[in-house]
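Student: Residue numbers (our numbering), protein chains in the order written: chain A, 1 to 99; chain B, 100 to 603.
Just so you know, not all the hints are guaranteed correct.
Unchecked claim - Covered by chain A, according to a simulated footprint, are these stretches of chain B (three or more residues, beta-carbon under 8 Å): (1) 328–340; (2) 432–439; (3) 489–498; (4) 539–551.
To be clear, the hints were calculated from the coordinates, so they are not data collected in a lab.
Since the model is a prediction, treat every value here as computed from it, not as a measurement.
Ideal placement from N, C-alpha and C gives every residue a C-beta, glycine not left out.
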Amino acid sequence: MSTPWRDEVARVAGLARIDLKPDELDRLAGELEVIVQSVARVSEVATPDVPATSHPLPLSNVFRADVPETPLVRDEVLAQAPAAEDGKFLVPQILGEDA
Amino acid sequence: MSDLTRLSAADLAQKLTNGEVSSVEATQAHLDRIAAVDGPVHAFLHVSSDEALATAKGVDEARSKGEELHPLAGVPIAVKDVVVTRGLPTTAGSRILEGWIPPYDATLVTKIKAARLPILGKTNMDEFAMGSSTEHSGYGNTHNPWDLDRIPGGSGGGSAAAVAAYEAPLAIGTDTGGSIRQPAAVTGTVGVKPTYGSVSRYGLIALASSLDQAGPVTRTVLDAALLHELIAGHDPHDSTSLTDPVGAFADEARRGLAGDVKGVRIGVVKELSGEGYQPGVLARFEESLDLLREAGAEIVEVSCPHFDYALAAYYLILPAEASSNLAKFDGMRYGLRVEPTDGPATAERVMAATRGQGFGDEVKRRIILGTYALSAGYYDAYYGSAQKVRTLIQRDFAAAFEKVDVLVSPTAPTTAFKLGEKLDDPLAMYLNDVATIPVNLAGVPGMSVPSGLSDDGLPAGFQVIAPAREDARLYRVGAAVEAFLEARWGAPILTKAPELEVSK
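Hey, can you work out the whole structure from these sequences and the hints?
Tutor: And the structure:
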């Protein structure tokens, strides 16, 4: 049955690229509603004068010397891929239309 | 030789150095212990017997030739399955990575291998470290060695249960909101979340990159210090890695073991007690405080008013970062690939089918929540506000640390609960980490050390928190608590755990 939260979960699952079964949509709709209502209290203290923090310790950009490093062993990487061909990852068609 | 498994890592290292025992004997003793008890405990997802014994043999040969060795060389260790190990399966507790063999080592694993500690295997965990009970593992529950019907904590329940059950003297954990400290508390073991950046994150399968930190899981504070010294240090492969020299953690632990806490200013966080905390947990906490006070520490109460908002901020920041980090599990380069049963098998549809089948309930829940919090129209209200709360929590810590040297609280509000008890109530599950989460949001270091047994006979934890880069203080205060309490108990807390049934 369509409810606002169920529709919201379906929309977000599409953005997150996760197929959900109907029973998962039902369950997650109820859970998301409860969790979102609970975490929304962050706005009580997040006044405009407070700056946002994205990182625990102050960060500055980090560079490394522009010298080659040993890469991963190609065949060891490809051996773990779902599919590989000619030394490359073999992936499904990228575009939706018929090739 | 089964008593080799009861030794601390420091004592075992001493016996190895003296030549009283060989690393092969020590490693075999732990492998035998795993074979005997890990069926019902299920701390391990993979046991790497051959590799561990080969490392041990190499250490014994090197020692017999008089080669210079790391003090912990030959002491076996278990590694949480979220840490990549070249040549050993690594799943992060997820079916989506079933059978994956990483083509590289995490930096902390490189350090462990360079120091020649035999790796016993990979330990169980909540899927992608999302959980507080290890019940969200894709490979079955880990059981608390104190009571097999109860949770071992999470997400690193496997590492904590492994050291509590004498299957390993040392283990590696990772802590994003309490995943090292809360399992330590409920299994009667020691766990440390270092300052953010103390230990390289290179090769940890990321959950929330601004919160994740690897650290030691052990039975004693000194062992944690020794392991922290081994795995810490600057790593060019992690742009957030601290360039500071590694502290003298073991020296500080020895100072604490000698009872030296005179003049240390200890702040009790007012907001991390009271409602929701089990009376027995609070009683053990107060007793530990009394012992510190008797030894000359100054105890004061400190208020951190924004800690009440930490849980809410965490459950926005973590899912937001996780939803981004887990986008790489798309069925293209590693792990599971599922093709849709009907319609065209485009990359996008393969990705959705793969993730729909490969991710468990909690991972789906958090990715949905994170994607929601980041989506257009909600970003400012949720994620933006959560980042502001993070600032307020950091200010609370900064103000508190102007008055005191360390902060303390119970590690977790309750002892281990029954398996299944909170599985259907995500919010109740999240509350287990209420006292550990502020530490991650601020990037400061935290430790859990056993405080005793609660009224239900199960272990509780005492948390010590220090300012960023002052991890050494944890070891001094934590070791003092350990020493005072063990003097009172007459033996380490784990000697009070029931003996596990041993299978032949």
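Student: For each hint, tell me whether it holds in the structure or not.
Tutor: Consistency of the hints with the structure:
Counting residues of the stretch 328–340 of chain B whose beta-carbon sits less than 8 Å from any beta-carbon of chain A gives 3, enough to reach three: the coverage restraint holds. For the stretch 432–439 of chain B, the proposed coverage by chain A is satisfied: 7 residues have a C-beta within less than 8 Å of a C-beta in that chain, meeting the threshold of three. With 4 residues carrying a beta carbon less than 8 Å from a beta carbon of chain A, the stretch 489–498 of chain B meets the three-residue requirement, and the given coverage holds. With 5 residues having a Cβ less than 8 Å from any Cβ of chain A, the stretch 539–551 of chain B passes the three-residue criterion, so the hint holds.
Violation of the numbered hints given earlier is absent; every hint is satisfied by the structure.
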